[in-house]
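Asker: This is what each chain is made of:
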Amino acid sequence: MRHFTNVNDLGDLKVALHEAFEIKKDRFKFVELGRNKTLLMIFFNSSLRTRLSTQKAAMNLGMNVMVLDINQGAWKLETERGVIMDGDKSEHILEAIPVMGSYCDIIGVRSFARFESKQDDYNELILNQFIKYSGRPVFSMEAATRHPLQSFADLITIEEYKKTERPKVVLTWAPHPRPLPQAVPNSFAEWMNATDYEFVITHPKGYELAPEFVSNARVEYDQMKALEGADFVYAKSWAVYNDKNYGKVQNKDRAWTVDAEHMAVTNNAYFMHCLPVRRNMIVTDDVIEGPQSIVIPEAANREISAQVVLKRILEGIQ
Amino acid sequence: MRHFTNVNDLGDLKVALHEAFEIKKDRFKFVELGRNKTLLMIFFNSSLRTRLSTQKAAMNLGMNVMVLDINQGAWKLETERGVIMDGDKSEHILEAIPVMGSYCDIIGVRSFARFESKQDDYNELILNQFIKYSGRPVFSMEAATRHPLQSFADLITIEEYKKTERPKVVLTWAPHPRPLPQAVPNSFAEWMNATDYEFVITHPKGYELAPEFVSNARVEYDQMKALEGADFVYAKSWAVYNDKNYGKVQNKDRAWTVDAEHMAVTNNAYFMHCLPVRRNMIVTDDVIEGPQSIVIPEAANREISAQVVLKRILEGIQ
Amino acid sequence: MRHFTNVNDLGDLKVALHEAFEIKKDRFKFVELGRNKTLLMIFFNSSLRTRLSTQKAAMNLGMNVMVLDINQGAWKLETERGVIMDGDKSEHILEAIPVMGSYCDIIGVRSFARFESKQDDYNELILNQFIKYSGRPVFSMEAATRHPLQSFADLITIEEYKKTERPKVVLTWAPHPRPLPQAVPNSFAEWMNATDYEFVITHPKGYELAPEFVSNARVEYDQMKALEGADFVYAKSWAVYNDKNYGKVQNKDRAWTVDAEHMAVTNNAYFMHCLPVRRNMIVTDDVIEGPQSIVIPEAANREISAQVVLKRILEGIQ
Numbered sequence: 001m002r003h004f005t006n007v008n009d010l011g012d013l014k015v016a017l018h019e020a021f022e023i024k025k026d027r028f029k030f031v032e033l034g035r036n037k038t039l040l041m042i043f044f045n046s047s048l049r050t051r052l053s054t055q056k057a058a059m060n061l062g063m064n065v066m067v068l069d070i071n072q073g074a075w076k077l078e079t080e081r082g083v084i085m086d087g088d089k090s091e092h093i094l095e096a097i098p099v100m101g102s103y104c105d106i107i108g109v110r111s112f113a114r115f116e117s118k119q120d121d122y123n124e125l126i127l128n129q130f131i132k133y134s135g136r137p138v139f140s141m142e143a144a145t146r147h148p149l150q151s152f153a154d155l156i157t158i159e160e161y162k163k164t165e166r167p168k169v170v171l172t173w174a175p176h177p178r179p180l181p182q183a184v185p186n187s188f189a190e191w192m193n194a195t196d197y198e199f200v201i202t203h204p205k206g207y208e209l210a211p212e213f214v215s216n217a218r219v220e221y222d223q224m225k226a227l228e229g230a231d232f233v234y235a236k237s238w239a240v241y242n243d244k245n246y247g248k249v250q251n252k253d254r255a256w257t258v259d260a261e262h263m264a265v266t267n268n269a270y271f272m273h274c275l276p277v278r279r280n281m282i283v284t285d286d287v288i289e290g291p292q293s294i295v296i297p298e299a300a301n302r303e304i305s306a307q308v309v310l311k312r313i314l315e316g317i318q
Numbered sequence: 001m002r003h004f005t006n007v008n009d010l011g012d013l014k015v016a017l018h019e020a021f022e023i024k025k026d027r028f029k030f031v032e033l034g035r036n037k038t039l040l041m042i043f044f045n046s047s048l049r050t051r052l053s054t055q056k057a058a059m060n061l062g063m064n065v066m067v068l069d070i071n072q073g074a075w076k077l078e079t080e081r082g083v084i085m086d087g088d089k090s091e092h093i094l095e096a097i098p099v100m101g102s103y104c105d106i107i108g109v110r111s112f113a114r115f116e117s118k119q120d121d122y123n124e125l126i127l128n129q130f131i132k133y134s135g136r137p138v139f140s141m142e143a144a145t146r147h148p149l150q151s152f153a154d155l156i157t158i159e160e161y162k163k164t165e166r167p168k169v170v171l172t173w174a175p176h177p178r179p180l181p182q183a184v185p186n187s188f189a190e191w192m193n194a195t196d197y198e199f200v201i202t203h204p205k206g207y208e209l210a211p212e213f214v215s216n217a218r219v220e221y222d223q224m225k226a227l228e229g230a231d232f233v234y235a236k237s238w239a240v241y242n243d244k245n246y247g248k249v250q251n252k253d254r255a256w257t258v259d260a261e262h263m264a265v266t267n268n269a270y271f272m273h274c275l276p277v278r279r280n281m282i283v284t285d286d287v288i289e290g291p292q293s294i295v296i297p298e299a300a301n302r303e304i305s306a307q308v309v310l311k312r313i314l315e316g317i318q
Numbered sequence: 001m002r003h004f005t006n007v008n009d010l011g012d013l014k015v016a017l018h019e020a021f022e023i024k025k026d027r028f029k030f031v032e033l034g035r036n037k038t039l040l041m042i043f044f045n046s047s048l049r050t051r052l053s054t055q056k057a058a059m060n061l062g063m064n065v066m067v068l069d070i071n072q073g074a075w076k077l078e079t080e081r082g083v084i085m086d087g088d089k090s091e092h093i094l095e096a097i098p099v100m101g102s103y104c105d106i107i108g109v110r111s112f113a114r115f116e117s118k119q120d121d122y123n124e125l126i127l128n129q130f131i132k133y134s135g136r137p138v139f140s141m142e143a144a145t146r147h148p149l150q151s152f153a154d155l156i157t158i159e160e161y162k163k164t165e166r167p168k169v170v171l172t173w174a175p176h177p178r179p180l181p182q183a184v185p186n187s188f189a190e191w192m193n194a195t196d197y198e199f200v201i202t203h204p205k206g207y208e209l210a211p212e213f214v215s216n217a218r219v220e221y222d223q224m225k226a227l228e229g230a231d232f233v234y235a236k237s238w239a240v241y242n243d244k245n246y247g248k249v250q251n252k253d254r255a256w257t258v259d260a261e262h263m264a265v266t267n268n269a270y271f272m273h274c275l276p277v278r279r280n281m282i283v284t285d286d287v288i289e290g291p292q293s294i295v296i297p298e299a300a301n302r303e304i305s306a307q308v309v310l311k312r313i314l315e316g317i318q
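Line order of the protein sequences matches chains A, B and C.
In this text, residue positions in the first sequence follow this note's numbering: the first is 1, and each later residue adds one.
In this text, residue positions in the second sequence follow this note's numbering: the first is 1, and each later residue adds one.
In this text, residue positions in the third sequence follow this note's numbering: the first is 1, and each later residue adds one.
Pulled out of the complex, with its shape left as it was, chain A reads as follows:
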């Protein structure tokens, strides 16, 4: 594997899952693989889980790790040609990225949607520039439109907890005070569509995800109907995708908050969320603290998904 930005990069998911469980049994089995190899993690946005889990995964593989925090806006890169750079942008992307590539073997990039231009966000401007100019394998630590390390960890978790071969998985929108990127729901949909699970998406009208991510999933606007018989409930808030209201919050209806009543219509479903989660907006205390909540093992699997991805990339550069 060279780059990792979406589900297709991983190839056969059954093979990838097998590898994940093998690593989970012995995290240090491949500690020699990353010897004298350096991971550079670049954060354009803040991070807790992704930072710690990816660094841990790299160290499990014996890698050296360097972390670069680029505060949003603090490091303004020029991307155009012909501009007289006498303003606040002190470096051109055509110099900055290859230089960073020259000091490491693998690059991880976190760069969220900015909600300034839907086109820029959905073209993955930043991530693609790293792929194009760094000369190194690049993987997404959550980009504008996808969060594949999270989705892979979600898949691992579902495989660990599922009780039937083809569980019913429901992705439900939930309210949040701030507009959040669609990266997590897009990506989750992409990964679920790549399995043979029964997959349903539910959200208020106006919150439709991009068609390329919805793909062959069933969309059900009636949340309770969607949740009926679910084996896994995956809650997440996201901002509007459509052109008219792109990046806006147009609904804070707490009737969508996942509570005991919602869970009661499921098949004693497990509750999942990528974290951090706003309690009593996304989900009630009772549900997230209850015996069916698997948000902590789900987060713990971030170390495993990152380790499979790094292992694959390392194997590709040996």
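Any given hint might turn out to be false.
Note that the list lumps identical chains together, so a pair holds whenever it fits in one copy or between two copies.
As the list claims (entries may be wrong) - Okay, derived cross-link-like pairs now, DSBU-like style, lysine-lysine, Cα gap no bigger than 30 Å in a straight line: (1) LYS89 <-> LYS252; (2) LYS76 <-> LYS89; (3) LYS205 <-> LYS118; (4) LYS76 <-> LYS252; (5) LYS168 <-> LYS205; (6) LYS205 <-> LYS89; (7) LYS132 <-> LYS25; (8) LYS89 <-> LYS248; (9) LYS168 <-> LYS24; (10) LYS205 <-> LYS244.
To be clear, the hints were calculated from the coordinates, so they are not data collected in a lab.
Starting from the known structure of chain A, fit chains B and C onto it as the hints suggest.
Answerer: Below, chains B and C alone, put in the same frame as chain A:
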């Protein structure tokens, strides 16, 4: 040893000191003990000595280290249940802490007294939540009421420099422009009371420390009298502890500043301070630069105290 | 080698270059040399290339690395004696520096000219205090008057690309919106003067560098005349050095911007710059993207120059 928050966690101090001197002779003797083990250092407050010395100690033991800086207030954790989290707190402590625990083997936490609520400070709210919810061994890198890694380093230093079996050690308050937590003097008193040294505390009226820390120490309000015949002078400023003026500065009297006149009544005492120190507030230039000042070797012993603690915890999780 | 602050510390440059090329062939040849040795990198100014390349070099040698960011002004150290420290300076340099030295084996320091006092800048106050008080080998990661790791990387790059034994190297000033330190041009001049290259400096009147750095170089105020027949063009902006306008920008004339017309009079010269570079101020897009631009391999050689320096220091402390 599971957790390390106070002197009792270390058991027999003679054994711990023996271990400290063994490590000091060869810091890399146990470099295999921490192999494939990860320390997560979490700072709610800024740090120089603690950060560097603890990280160095962990690396001496062959550990991997991850550092997380949580600016005071920047990462607001909700601690109550039932709250609708639609404000500035983006995560609940019941999710945040176990997730951090899932990516490491040992957690170090720095969280100072905030002087907002005496009860919250003296109940060690933050530190105890990590112990309760992280699922990992936790050690204090200075908490609200104690700084045990500092006190252990102080003890090691006194043992190295003492010329009599039972030296006289005097903890003296000194003025400072800002209100400082009682963690260092509390903890120092706790450790000195656990030895058979002669231990005296001196401070202006109104600066009494909590009775559980003073314990069987002699309190002497006349500073010069307290210092008479001292073998070690340990200076430190702290804010008022009593309920009425908790967390306030009510005295900036520079007559308490340790100078040559104060040192003259001692038994040619060594001068100690945990650093950073405000010169000519806490102590004069002459005294801190003089031949009896041992503040630098005292700071250097922070690496040793941290290494004993990490070694003990590692042995407990093998 | 004990300290590294200028070209003389490296001794015979031919030997140093031989070592550089040996390391470049196998970066991990000396991975055992830094075992159980710790590098502390201290940044008073922000850094991208220096931070990553130096850390990478240290890891290539098997060292442990700790990074300390000291935001300019955030950590105010008292340097005078006798001052009553009741203001905003919380620590004296006489305590802070030896303590940092006690937790590591080698110290790297970045501390730029502040343009507040020419005397302070040119006396290298900060760097020299680390040398004097830390008790450890110290190397410059760009100080007030020199950037020797950059200049060494520049020399390595010229040796790799030169087609004649004694190439003509031209250092040309170029415009920039902000006043920049003279560290890079000073240092480059110092290193070029230590070779047997033909070395010419060109800049507008008023931008003369300090005589000790210019030394026996030829200064030519006519930029086009200076560039005639050049094998290497090294562009850099710097602020005025003379007493009257020290640290100021007195010229933004874009006639000095290196463009195709300038390059046309050279001997098909290679273009060099230390980066980050302001395009169309320092150099046009065409030139920096052209086949003769070697700015990326020049930056990549920062890892090699740092590794030679660290290797030499490590050998000195074995």
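Asker: The structure should be examined with respect to each hint, and the outcome stated for every one.
Answerer: How the hints compare with the structure:
Proximity of LYS89 to LYS252 under the C-alpha cut-off of 30 Å is restricted to the inter-copy arrangement: shortest distance 17 Å between copies versus 38 Å within a copy. Within a single copy, LYS76 and LYS89 get their C-alpha atoms as close as 5 Å, and across copies as close as 29 Å, so both meet the 30 Å cut-off. Taking the shortest alpha-carbon separations for LYS205 and LYS118, only the intra-copy value of 20 Å comes in at or below 30 Å, while the best inter-copy value is 50 Å. Taking CA atoms no more than 30 Å apart as the test, LYS76 paired with LYS252 passes between copies only; the shortest distance there is 22 Å, against 34 Å inside one copy.
For the identical chains of this complex, LYS168 and LYS205 are intra-copy neighbours only, at 22 Å inside a copy versus 70 Å across copies, given an alpha-carbon limit of 30 Å. When the C-alpha separation of LYS205 and LYS89 is checked against a cutoff of 30 Å, the pair qualifies only between copies, where the shortest distance is 28 Å, while the shortest distance within a copy is 41 Å. For the homomeric pair LYS132 and LYS25, the shortest alpha-carbon distance between copies (26 Å) is at most 30 Å, but the shortest distance inside one copy (36 Å) is not. Taking the shortest alpha-carbon separations for LYS89 and LYS248, both the intra-copy value of 28 Å and the inter-copy value of 20 Å come in at or below 30 Å.
Taking the shortest Cα distances, LYS168 and LYS24 sit within 30 Å of each other inside one copy (25 Å), while across copies they are farther apart (55 Å). In this assembly of identical chains, LYS205 and LYS244 lie within 30 Å of each other by CA distance solely inside one copy; the values are 13 Å within and 58 Å between copies.
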